[in-house]
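Enquirer: We have chain A already, so just place chains B, C and D on it with the hints.
Spelled out from the first residue to the last, the chains are:
Number of protein chains: 4
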Amino acid sequence: MTTLKQELNDTFQELISTANDEELHVLSSMLKGLNDKKEQKYATYLSALTQIQTRFLDNGDYEVVLPIQPLINNPLQMVHGGITATLLDTAMGSMINRILPEDKAAVTAEMNVHYIKPGVGSNLKCVAHLAHKGNSLCVTEAKVYDNREKLVAMATGTFAVINRPQVK
Amino acid sequence: MTTLKQELNDTFQELISTANDEELHVLSSMLKGLNDKKEQKYATYLSALTQIQTRFLDNGDYEVVLPIQPLINNPLQMVHGGITATLLDTAMGSMINRILPEDKAAVTAEMNVHYIKPGVGSNLKCVAHLAHKGNSLCVTEAKVYDNREKLVAMATGTFAVINRPQVK
Amino acid sequence: MTTLKQELNDTFQELISTANDEELHVLSSMLKGLNDKKEQKYATYLSALTQIQTRFLDNGDYEVVLPIQPLINNPLQMVHGGITATLLDTAMGSMINRILPEDKAAVTAEMNVHYIKPGVGSNLKCVAHLAHKGNSLCVTEAKVYDNREKLVAMATGTFAVINRPQVK
Amino acid sequence: MTTLKQELNDTFQELISTANDEELHVLSSMLKGLNDKKEQKYATYLSALTQIQTRFLDNGDYEVVLPIQPLINNPLQMVHGGITATLLDTAMGSMINRILPEDKAAVTAEMNVHYIKPGVGSNLKCVAHLAHKGNSLCVTEAKVYDNREKLVAMATGTFAVINRPQVK
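Protein chains in written order, with the working numbering: chain A, 284 to 451; chain B, 284 to 451; chain C, 284 to 451; chain D, 284 to 451.
Source of the hints: derived by calculation from the structure; they are not laboratory data. Honestly, I wouldn't trust all of these hints.
With a cut-off of at most 20 angstroms between alpha-carbon atoms, the simulated EDC-like pairs for lysine to aspartate or glutamate come out as follows [claimed, not checked]:
(1) C:Lys-321 x D:Glu-346
(2) C:Lys-324 x D:Glu-305
(3) D:Lys-321 x C:Glu-290
(4) B:Lys-288 x A:Asp-304
Listed below are several chain C residues computed to face chain D (Cβ distance under 7 angstroms; list not exhaustive) [what the hints assert, rightly or not]:
(5) Met-313
(6) Pro-358
(7) Asp-372
(8) Lys-387
(9) Thr-391
Using N, Cα and C, we set each Cβ at its ideal position, and we do this for glycine too.
Okay, chain A solo, but in the shape it has when bound (with noise of 0.2 angstroms):
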């Protein structure tokens, strides 16, 4: 075992052995996020630890589901609002990226986002709506809901279609 990997063991096992369960809850979510994103279910860090989940809904709108987990919480036990923002973010961009051609994407110019109620309950849903197509900018506009379907916040987002970039 190398330095590093000790000294991450030695972390880890003290820190298991002092966890409380919200600690314990969140280490568990680190892990598979971590696990996850290695096995290539999630594209990013961010929505591995998120464990968001995504689908286009019949009428063309493309929906993002995020469990409620102590890990993006804010002090006040309510989702974080950067992550509702990443939220709105992740649905509207995801759903422009994946109505364009192949080697065209999407990267945000620009969002407006409104936050009405606290993000508390089981899980956030996000559906994003493609209000305008344009040949270099979209426009699209989003809701996030709780689980009892309270609007939770909503944004608008205008967003630049570019040449794909190459990722190696």
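Expert: Here is chains B, C and D on its own, set in the frame of chain A:
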């Protein structure tokens, strides 16, 4: 050791023995973040994971520095737009919360983010400025720079001032 | 006749004798607008000049129709973006003000407008929807269509609910 | 005199003989605005009516001054929010259009406006700043102050750079 802890340990040992350099870095960040949160160096898991550093500047503006690491990147090896939004929201919101009287708190009502350049390099620095301090609403603006002082993103926000909730 | 009135009359006679068709149209709009405001058909000169028509739809949404005329166009012969913003703000704000109790009023705290297509044709129609009605903040969304039902612009707004000022 | 001109004259004479001081002021503004547009002192009726004055500042920012007059007020005797939005859009857009090469033009893709204080006093001054100049998108910010230098509103904007349309 409980069954959960045993499972976590098994997952950890499997991960650490197969992880590449990037994954070891991410694993290290996760454990360090969890530890720092446990030791109350950070108020949220998200800020602990991202290891942000905050301070007031002499002119009253508020600065948040975010180290760039694989954990927060998107597949194009630049900082995930949701993380940049989190950085902006955190900087603007933290600034107001540290200015308000102890019995008051600020919650984000609305945020508008412009993405200008990819977030790459060693770190991102966000500087937040209080444009208007009202009794019930505050308006803020913030800019994110990379370590070469190039403008990466900018935002404005509307924050509602509420009576601070009692957290147990 | 006072000196001011005499000067206005001189200017008017000079204008009307040299005006081209477009200028006559604009002059006609101005006089009609001023007259309608004088007769209290409209609450503001701006709404009187632009001859907007408003109504609640059966589903509770609020509609404002704006006739397109030379007076409100930009040099490219499409509706001036500021007028489109005015239409959106008016629709969202009027809707809330008509829903609120008599002693309350709503003022725009923030508005985000997306411009999608040039505003051309016979008229623009704006439909505003109340997304969230809070005690101190309301969140709205609105879309503008041309007379072929093409999406021209869309917006969201944050409105602060205040005690209605006494107007003399 | 044509029938239309005769009707306009009848309306004008009726208006001028019954107008109160405010209405005479508005009528005067309208005729002056129409005259100035006719003499090509302004590119749009809206800018001519509102008598805005524009200039570049030494630091490259762009300033637009708007005199406050009854014509642009809302029923609460403060500047109509749509006019403030027009002022912001005009300042940000004009600045970019004067910086771009002759064959290019900028159109507003998105604008976010924060309303902070009522627009009252003798005039509003808007200062626009170019935050980012890209090949296809520009990002701007602007602030509106009253004549006591109090912040009245602020905005950011996204502008798309297009090939300048040929206007006949």
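Enquirer: Each hint needs a verdict: does it hold in this structure or not?
Expert: Hints, verified against the model:
A hinted pair counts as satisfied when its Cα atoms are at most 20 angstroms apart, and Lys-321 (chain C) with Glu-346 (chain D) does not qualify at roughly 34 angstroms. Between Lys-324 (chain C) and Glu-305 (chain D) the CA atoms are separated by roughly 17 angstroms; this keeps the pair inside 20 angstroms, and the hint holds. Distance check on the hinted pair: Lys-321 (chain D) and Glu-290 (chain C) sit about 18 angstroms apart at the alpha-carbon level, within 20 angstroms; holds. At roughly 11 angstroms between alpha-carbon atoms, Lys-288 (chain B) and Asp-304 (chain A) fall within 20 angstroms of each other, so this suggested pair holds.
Residue-level restraint check for Met-313 (chain C) holds (minimum Cβ-Cβ distance to chain D is 4 angstroms; threshold 7 angstroms). The restraint placing Pro-358 (chain C) at the interface with chain D holds, with a minimum CB-CB distance near 5 angstroms, inside the 7 angstroms limit. Taking 7 angstroms as the C-beta contact cut-off toward chain D, the hint placing Asp-372 (chain C) at the interface holds, the least distance being around 5 angstroms. Taking 7 angstroms as the C-beta contact cut-off toward chain D, the hint placing Lys-387 (chain C) at the interface is violated, the least distance being around 14 angstroms.
With a least beta-carbon distance of about 5 angstroms to chain D, the hint placing Thr-391 (chain C) at the interface is held under the 7 angstroms criterion.
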